[in-house]
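J.: As a plain string of letters, each chain reads:
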Amino acid sequence: MGHDQKYVDKKNYEVVGTRFNRPDGIDKVTGKARYGADASAPGQLVGRVLRSPHAHASILKINVGKAEKLPGVKAIITSADLPDLTGQDQGLADILENCMARGRALYDGHAVAAVAAVDEQTAAKALKLIDVKYKKLPHVTDVDAAMCESAPVIHDRIITRGVEPKPTKPSNIAARTQMGHGDVEAGFAEADVVIEKSYKTEQTHQGYIEPHACLASVNPDGTAELWVTTQGHFVFRNVCASLLGLDIAKLKVTSSEIGGGFGGKTHVWVEPVALALSRKANRPVKLVMGRDEVFRATGPTSSTSIDVKMGAKKDGTITAAVAEMRYQGGAFPGNWAMLGCMTAFACYDIKNNQSIGWDVVVNRPKVAAYRAPSAPMAAFAVESTIDELAKEVGIAPIDMRLKNVAREGTLAPYGPTYGPIGIEHTLKAVKDHPHMRAKLKKNQGRGVACGFWFNIGGQTCTDLNIGVDGTVNLTLGTVDVGGSRSSMAMIAAEELGIPYEQVRANIADTTSLGHNDMTEGSRGTFSSGMATVFAARDAIGVLKQRAAKMWGITEEHVIWENGQAIATGDSHGNLPPLSLKEIAAKSGRTGGPIAGHNEVVADGAGMGFASHICDVEVDPETGRSTIIRYTVVQDAGKAINPDYVEGQFQGGATQGIGWALNEEYIYGDDGRLQNPGFLDYRIPVCSDLPFIDTQILEVPNPLHPYGIRGVGETSIVPPLAAVGNAIANATGVRMSHAPMSPPRVLAAIDALEYAS
Amino acid sequence: MRYATPASAKEAAGMLSKERGAAFLLAGGTDLLVKLKMGMVEPDLVVDIKRIPKIDQIQTSAKGFVIGAAVSGSMIGQHKGLKAAWPGLVEAANLIGSDQIQGRATLVGNLCNASPAADSVPAMIAAGAKAIIVGPQKRRTVPVEKVVLGPGKTCLSKGEVIEAISLPKPEARTGDAYLRFIPRTEMDIAVVGVAISLKLERGVAKKAKVALGAVAPTAVVVPGAARALVGSKLDEAALEKLAAACSAACNPIDDKRGTVEYRTRVAGVLAKRAAKIAFQRAGGVL
Ligand SMILES: Cc1cc2nc3c(=O)[nH]c(=O)nc-3n(C[C@H](O)[C@H](O)[C@H](O)COP(=O)(O)OP(=O)(O)OC[C@H]3O[C@@H](n4cnc5c(N)ncnc54)[C@H](O)[C@@H]3O)c2cc1C
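Going down the list, the sequences are from chains A and B. Its first residue numbered 66, the first sequence is counted upward by one per residue in the working numbering. Its first residue numbered 125, the second sequence is counted upward by one per residue in the working numbering.
Hints were generated in silico from the structure; no laboratory data involved. For clarity, every value in this text was computed on a predicted model and none was experimentally measured. Hints may contain errors.
Cross-link-like lysine-lysine pairs, in silico, DSS-like; alpha carbons within 27 Å at most [claimed, not checked]:
id, chain 1, residue 1, chain 2, residue 2
1, A, Lys506, B, Lys293
2, B, Lys142, B, Lys187
3, A, Lys190, A, Lys262
4, A, Lys134, B, Lys204
5, B, Lys270, B, Lys134
6, A, Lys190, B, Lys204
7, A, Lys97, B, Lys178
8, B, Lys204, B, Lys134
9, A, Lys507, B, Lys400
10, B, Lys380, B, Lys293
11, A, Lys93, B, Lys161
12, B, Lys330, B, Lys396
13, A, Lys201, A, Lys379
14, B, Lys187, B, Lys134
15, B, Lys178, A, Lys507
16, A, Lys265, B, Lys187
17, A, Lys468, A, Lys378
18, A, Lys190, B, Lys159
19, B, Lys330, B, Lys142
20, A, Lys193, B, Lys159
21, A, Lys201, B, Lys277
22, A, Lys496, A, Lys378
23, A, Lys651, A, Lys609
24, B, Lys174, B, Lys330
25, A, Lys262, A, Lys93
26, B, Lys282, B, Lys323
27, B, Lys277, A, Lys131
28, B, Lys323, B, Lys134
29, A, Lys506, B, Lys187
30, A, Lys193, B, Lys330
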């Protein structure tokens, strides 16, 4: 890493590490904030999508004649209006086909046609007038069933990758992945205890409150605008431009405020459809998904089926670990099982380990990222097995984990050798935490589990412009999902040496800044934070030049300290310092506006590790679990704004607990989703949870000027297993199927009683 | 879609009976508006009863209570007399939805929506509630357990409006309770609901009424369960019999909210718990 590393050791931050309210906070609580559905344009139409009621069907004919004649209908599109311009790019072709079915509906909710009309009622009426002739095809929604010989094959083009010799027949298995190191057979031979278990996890959705929404406007001259709720407007721009054949520079995408994404808004669903409708109608089109559409036709995370085998010596050393994991990616191939393999054993230093992943397609919506995608399911299986192993060996689960914990220098199962990482710190903090000593009552149990997420860096571009009054506009291209505008403003203030209030951070549209990757992979604060540091330093260089000019001295005699230029050296020492404000006020006469800029591929994202403690009470007669206490301990590298770091810890834990207890996609035998709404897709409500306690640890990431690691995702990884381990300790039953809903827990308790 | 605000229940009944298209009464709207927005109903006429004088009031008399059709859950929760008389019913009514829903949701709407899982219905049945029905021509009074005929179906004929729910004044040493099972703490639909009212004499159950929700197409009255309690001090044997009778009375479906097996089992569990609460409220000592 070529970056200046001096700040890693910086101990005395002025602004960073303190707590400020987010600049967007008041607008959000007063309802002023403008989300995806809050934009309108003159002459705008309402877009609506017609969706397949079948899990799998050939589309024989789409007759739009009647609908087109309905007064007020301005455009109807089908896949014919979205010609395939994707060339050899199968990934892009999949996105196109997912946005609008091409001859075949691949899941319940797959878009088949879309309408733009003058109002909501007309659009709804028009949808009913579109006559689609389907021929139902056999379907499969379960990941294990989809792998069977007898399963209906969803795509003839899919020949399993990663298998030797190459299969000759298509199947639903898109890819096999294998990784790990050492000799697992030898490892198991060394073990005194071996545990082998199979697990299942059901499909869950990110459950963001704001549905997908956009306002699209395409002009006959090939220019276009899109206002949209997204985690990455630059990526949306590139994808939409490719799918519609637009020039990248001519499509202006503006990201609205975002009402949650958690990965689900990294992917386009209705945006290309809205653009195509607008192109055909030659009017702006606003398209807002309903909640049922969000559930049926955006990207939840995989359902899985996982086998784990682990062996340990009597002293607790894990000698070998094997996992075989099957993840479905919905109707299109993904690399979700591969991510499961990469994360499964990442918290531990296991001499012999092997992970095998199977990426499978089924008749369900195309899977998208969900907060540390694929890691929570792998952790559920591995962390549950570790507790079973600890029980068998006779060691406390926390000590078993500490005994095998990964450290700096450990070879990670997915390849790299770790630098400084914080997993051991979190485990020690858990062990010392008062929560671990709190007394438990009847029917209560405590569980601990660990989690890992890579975090990523990527492309970022940032501008910093100083106004003549000395206030600073920080222009960012990474969408603010979790309060990053406040964190970035804090970093700029820290570098420049000015108060936080003097900096205003904004998210720019795609015409105002160079490309920025998505806000995903917990990269926002890491990468934009890095670019902000460098942009601010760039601006400081300019400020020093201008001060030198104002003084009439040479630049090398100027230093920047506490928000002001100071002349150094014997001959200039008596010059009074020039503040940022004073320099800015004179900028018109010293060379024009003062700005800093940075573009960077932010390498060196620090891995995120966490350990959670969960106390649960189980009603033995109904199987209902109540979380009574929960603690998150996670390494943040450096917490820029501790409020928002804690918020991420709590939010991830809450989502994980929801998944652990009740959230699941329920499919009927007909392959249709039974619960596409918040009534029966049960995310936790406020009263379901105790206050979630947090502890931030700071093991600096040496590859970031401030030591930052991403913090957004790791917190969803441990809860499934933490809850499962707590239930096991409360009831004596090991739950191997998540969510661990009351009927499943009661059935397990019954089975145990029956057995004994 | 037309919207009307009649000034009396009779006028409402007249509007409904004259309407040729699809007509719906609107009380709190927490069921109707949801269905409307989801496109499940397409009314030609919506008749809002909330402007009818006194329809949002609870009247107390020597005979008991008359709860107007537009009285909301939160008004029920704030009524001291009702709470002292039928605490189980008040709790059931207050379980519906959230604070926002409580500001609107009514007993009559809960009843007429005719969901098998309606929370207040088993509690109303156990308390001996009656529906006061006004038609274009005549009035009639029907016990609550006779109102719902099946999912989404009531005994009301075209033009009939429920004006109020009447509740008797509880006899001395009576207690009631309602418990429901939901996976979360609120904002869920009952997987099982159990309402029990008990009257004691010298510490022994003299009369009982047990009604279950969400385990059959309509709420079910379980005389066998009541018999299990009568004559007992809720000893373990009586409670076991109660649970068995409740489980046996279940005729549920397997769906996304619960399995047949689970619902049947939990009906018995909740019945035992509800019986104990009702018993103690009636002054019994366990
Ligand atoms: C978020 C949410 C949570 C909910 N939670 C619960 C819950 O926990 N438990 C539960 O049981 N229910 C629940 N419900 C359903 C609903 O709130 C209740 O059924 C409520 O009691 C309905 O009352 P209402 O006054 O709002 O009915 P409305 O929607 O006004 O009416 C319901 C039905 O009754 C008819 N009707 C209304 N008034 C009359 C009348 N005077 N005479 C004849 N027919 C009439 C209407 O035409 C309609 O068909 C919930 C609903 C929502 C939206």
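J.: Work down the list of hints and note, for each, if the structure agrees.
T.: Evaluation of the provided hints:
no. : hint                : result
1   : A:Lys506 / B:Lys293 : violated (42 Å)
2   : B:Lys142 / B:Lys187 : violated (35 Å)
3   : A:Lys190 / A:Lys262 : violated (52 Å)
4   : A:Lys134 / B:Lys204 : violated (60 Å)
5   : B:Lys270 / B:Lys134 : holds (22 Å)
6   : A:Lys190 / B:Lys204 : violated (49 Å)
7   : A:Lys97 / B:Lys178  : violated (39 Å)
8   : B:Lys204 / B:Lys134 : violated (30 Å)
9   : A:Lys507 / B:Lys400 : holds (21 Å)
10  : B:Lys380 / B:Lys293 : violated (39 Å)
11  : A:Lys93 / B:Lys161  : holds (25 Å)
12  : B:Lys330 / B:Lys396 : holds (17 Å)
13  : A:Lys201 / A:Lys379 : violated (57 Å)
14  : B:Lys187 / B:Lys134 : holds (24 Å)
15  : B:Lys178 / A:Lys507 : violated (51 Å)
16  : A:Lys265 / B:Lys187 : violated (58 Å)
17  : A:Lys468 / A:Lys378 : holds (11 Å)
18  : A:Lys190 / B:Lys159 : holds (17 Å)
19  : B:Lys330 / B:Lys142 : violated (49 Å)
20  : A:Lys193 / B:Lys159 : holds (18 Å)
21  : A:Lys201 / B:Lys277 : violated (33 Å)
22  : A:Lys496 / A:Lys378 : holds (22 Å)
23  : A:Lys651 / A:Lys609 : holds (13 Å)
24  : B:Lys174 / B:Lys330 : violated (40 Å)
25  : A:Lys262 / A:Lys93  : violated (46 Å)
26  : B:Lys282 / B:Lys323 : violated (38 Å)
27  : B:Lys277 / A:Lys131 : violated (35 Å)
28  : B:Lys323 / B:Lys134 : violated (37 Å)
29  : A:Lys506 / B:Lys187 : violated (47 Å)
30  : A:Lys193 / B:Lys330 : violated (59 Å)
In terms of the numbered hints stated before, the structure departs from hints 1, 2, 3, 4, 6, 7, 8, 10, 13, 15, 16, 19, 21, 24, 25, 26, 27, 28, 29 and 30, listed from lowest to highest.
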